[in-house]
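Starting from the known structure of chain A, fit chain B onto it as the hints suggest.
Chains as they are written, first to last, in this note's numbering: chain A, 1 to 373; chain B, 1001 to 1276.
If you are wondering where the hints come from, they were derived from the structure by calculation, not from laboratory data.
Note that beta-carbon positions come from the ideal geometry of N, C-alpha and C, so glycine has one too.
Among the hints, a few may not be true.
To be verified - Just a few of them, taken from the derived set where beta-carbon distance is under 10 angstroms, the chain A residues facing chain B: (1) 103; (2) 117; (3) 120; (4) 161; (5) 351.
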Amino acid sequence: MDSLAAPLEVMARPQLDLELRGIRKRYGDFTAVDGVSLQVEKGQFVCLLGPSGCGKTTTLRCVAGLEEPDDGGILIGGNEVTKDPPWQRDIAMMFQDFALFPHMTVAKQVGFGLEMLKKPKVGIAKRVEEVLKAFEISALADRKPGSLSGGQRQRVALARAMITEPRILLLDEPVGALDYSLRETVMLELKLLQQRTGISFIWVTHDQNEAFSLGDLVVVMNHAKIEQQGTAEEILRRPATAFVASFVQGNNVFRGRVTGTSPDVLQVETSAGRFYVPRPPDPAPMLGDAVSFSVRAEQITDAPSQRQANRLTARCTAVEYFGAVRRHIFERCDGEVLKYDQFGAHAARIVSGQTVQLGWQVEETVLHTGAPG
Amino acid sequence: MIGWKGRSSLTAWVLGTLTVIFLAYQWLPIFTLGLLSFSGPTGGTTFPMNGTSFHWYQELWRASVMNDFKPPLLRSVLLAAACSATTIVLSVMAAQAMRGQFRGNGWFFYLMLLGIMAPGILVGFGFAILMRLMGVDLSWDTTTFLVQVSWTLPFGFLTMLAVFNRFDKRVEEAALTLGASRLSTFRRITLPLVLPGVIGAGLFGFSLSYDEYARSMFTTGPDATLPLAVMAQLDRQLTPEIYAVGTTTTLFSLIAVTLCTVAFWAMRRSTSLRRT
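Only chain A is shown next, with the shape it has when bound in the complex (with noise of 0.2 angstroms):
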């Protein structure tokens, strides 16, 4: 064996902005957080993403100290808070509704926080010019936050939050309250600002595009749970639970009981057939184990030839196209959907009512190896 042991890793961690360590937060009978870990480098942009009731605002309430969690540690930059309270932690945080101070006019209300920093006022009032001129609202200094548009009090309160130039910025659902159309350029322009500045940013939200198309870490949670963390094309690619596959866009959804193993290969018999999946490295699913794969819809194929050793005859219920993409739905025989996405331009195929047989590569079918959701 390995008598040469792998020296110690002492190759030093980059430091951390923050570590989340198990933390746990129960309201009576609910658990909201359930032993959410997470780490967090310096200047990374991480993306919670979940559905509405995961636990991903009040981990980010955690952080902001606005919740005080039972159980487990919060670090912002190596020094332990648990116990500190918000004004004593080293963020910020841009709500969902902005939360501006209706009683305050902009330029009052992005200096607070060097305010409440006890700085002298001329250089407050100088260091809230040159914000507002960086932010482009200078012209709206003297207003108050019931006279601003939606995309207006969006930049105020980022403003805000950046004047002190906190070492991360905590944002729940921040384009969420902004017109459509506005969201794309808000999110660019975010991602930009956090490039430049460096700032750990912490966004929440429920929008998957936004996860993916912004962090540089997704962070899927469900249940109080994070199901999987990692870069979004390791979690669109190969998603490590059934309910991450069926949370992002795109993927379809098998499950079933192993009834065959080789070297290479397992054998998965599901309601809609039989399967072939690539074994994992050990541990892998045993004869008999309940396991869940899944395949993306743009890696199906409505001419199977010998490579795309599985197969699956189905009936095809809509076709929906988008341009680049022409999306077919197609009935399993065990009564689920079935997504098969076709590219480019091509002329449409398949019609609406027909039965179709479709394969994929066994090398494309992705098992889940994290625990099944």
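Same frame as chain A, but now just chain B:
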């Protein structure tokens, strides 16, 4: 045959008329008193009026009569101001505590409201007996003050609860995450935003205390408040002078309320919540 829109505007007319009649019923007695306070020197306290004059106002201002009412007036104003200030402080604190949802907050709520439910005359009488048992001397600035606060506080408390009910607590959270301590947050964010409600609680405290009779009757001791002095005067002799007192106080209250309303409106305008 008229359509449902027409019928509903007809309903609006009927209900509107009823409301106007009700308001007249509520306010006409006061106008009557006001009118009678301008009757001539030989005038009585009933219609028809005997001439018109400012005689009773002059009488009111003259030393002999003023001396009867001046000290009670001063006491009542001081007492009302003290009740108002106490109501403001205690009701804001109590409402803040209710927001925190402490153990037994339901009981606390009902105990606070007991001050409104309990009949004033019984509260005053019981309190007077209790004070006597404890050997405490009755006085307008101690015992009366306590009893009246138990009456004004629940009104202030309900006002503040209603205000906090509509309060967006995320603006406080935003302040906390921007580095403001809880005290700074209260001073800079919470208080300015609920100030209209605080003014309302103070107004309740003042006006409820100023004309309180039942609770003061047994608890005031030798130095009477204005309502007690007025009642005593009514017992002795009924002249339009009393009406002059009433009219003057009503005017005084109206001016105070108007000023507060204007202030309130100005506040609202400057803090109008997130409406474009």
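ask   = Which numbered hints are broken by the structure, listed smallest first?
value = Those not satisfied are hints 3 and 5.
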